[in-house]
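> Offset between the sequence shown (1-based) and the numbering used here: plus 33.
Rather than coming from a laboratory, the hints here were simulated on the basis of the structure. Any given hint might turn out to be false.
[Stated by the list, open to error] Here are the simulated lysine-lysine pairs, DSSO-like style, with alpha carbons at most 30 Å apart:
| id | residue 1 | residue 2 |
| --- | --- | --- |
| 1 | K100 | K113 |
| 2 | K96 | K134 |
| 3 | K59 | K149 |
| 4 | K96 | K111 |
| 5 | K59 | K132 |
| 6 | K149 | K111 |
| 7 | K134 | K100 |
| 8 | K76 | K113 |
| 9 | K134 | K76 |
| 10 | K79 | K149 |
| 11 | K96 | K79 |
| 12 | K79 | K100 |
| 13 | K149 | K96 |
| 14 | K59 | K113 |
| 15 | K79 | K111 |
| 16 | K59 | K134 |
| 17 | K113 | K134 |
| 18 | K100 | K76 |
| 19 | K113 | K132 |
| 20 | K132 | K100 |
[As the list claims (entries may be wrong)] Have a look at the derived ranges for each label pair, beta carbon to beta carbon:
| id | residue 1 | residue 2 | range |
| --- | --- | --- | --- |
| 21 | H58 | K79 | 34 to 42 Å |
| 22 | R80 | K59 | 19 to 27 Å |
| 23 | G105 | K59 | 33 to 41 Å |
| 24 | T83 | E138 | 12 to 20 Å |
Nothing here was measured: the structure is a model prediction, and the numbers come from that model. Glycine included, every Cβ here is placed at the ideal spot set by N, Cα and C.
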Amino acid sequence: MQTVSRFQSLRVPLNPRAVLSLGYHKNVIDHYENPRNVGSMDKSDKRVGTGLVGAPACGDVMKLQIKVDENGRIIDAKFKTFGCGSAIASSSLATEWVKGKTIDEAGSIRNSDIAKELRLPPVKLHCSSKSAISWQ
34 MQTVSRFQSL RVPLNPRAVL SLGYHKNVID HYENPRNVGS MDKSDKRVGT
84 GLVGAPACGD VMKLQIKVDE NGRIIDAKFK TFGCGSAIAS SSLATEWVKG
134 KTIDEAGSIR NSDIAKELRL PPVKLHCSSK SAISWQ
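Work out the full structure: start from the sequences and follow the hints.
Structure, rendered in structure tokens:
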């Protein structure tokens, strides 16, 4: 016999944009809906470095990659993030910020800088820390 929850009839389809916009700044929504630099690079390319960061507490996983030129300057950055909108937005912003920087300059990006730019709510600050950690 199949059991049906009495609350099942109360389920209403939710618009992801409406849910995300509750309490989130337009910068988060923009990077979530229009993420920049999504994708992967060829890991066999000697100029490509890959960082992988996970958060057991929330289940988010981020893969961030950079490609450097002969002078050590980042010429491209890509990401794949499996997680919430804040994690995706943080990864997107981080890839924009590191392009054109040296590895040392990229390593100085702090999660508080990402969180401030995106205006992340306090409960989502850990999402920006994963983006910053992956560059270090």
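> If you draw a straight line from the CA of K59 to the CA of K132, is it 30 Å or shorter?
This hinted pair holds, its Cα atoms lying about 23 Å apart.
> Measure nothing beyond the straight line between the CA atoms of K96 and K79; if it is 30 Å or shorter, mark the hint as holding.
Given that 30 Å is the threshold and the Cα spacing comes to 17 Å, the pair holds.
> Given the proposed pairing of K79 with K149, does the C-alpha separation stay at or below 30 Å?
Roughly 34 Å between the alpha carbons, so the hint for K79 and K149 is violated.
> Regarding the pair K132 and K100, is the alpha-carbon distance no greater than 30 Å?
9 Å, holds
> Given the hint that K113 pairs with K132, does the C-alpha gap stay at or below 30 Å?
16 Å, holds
> Does the alpha-carbon distance linking K149 and K96 stay inside the 30 Å limit?
Answer holds: K149 to K96 is near 22 Å, not above 30 Å.
> CB of G105 to CB of K59, is that within 33 to 41 Å?
35 Å, holds
> For the pair supplied as a hint, K76 and K113, is the alpha-carbon distance within the 30 Å limit?
The given pair, whose Cα atoms are some 14 Å apart, holds under the 30 Å limit.
> Do the alpha carbons of K134 and K76 lie within 30 Å of each other, as the hint requires?
Roughly 20 Å between the alpha carbons, so the hint for K134 and K76 holds.
> Does K79 pair with K100 here, judged by a C-alpha cut-off of 30 Å?
9 Å, holds
> Given the hint that K113 pairs with K134, does the C-alpha gap stay at or below 30 Å?
20 Å, holds
> With a cut-off of 30 Å on the C-alpha distance, tell me whether K59 and K149 pass.
13 Å, holds
Checked against the numbered hints given earlier, the structure breaks hints 10, 22 and satisfies all the rest.
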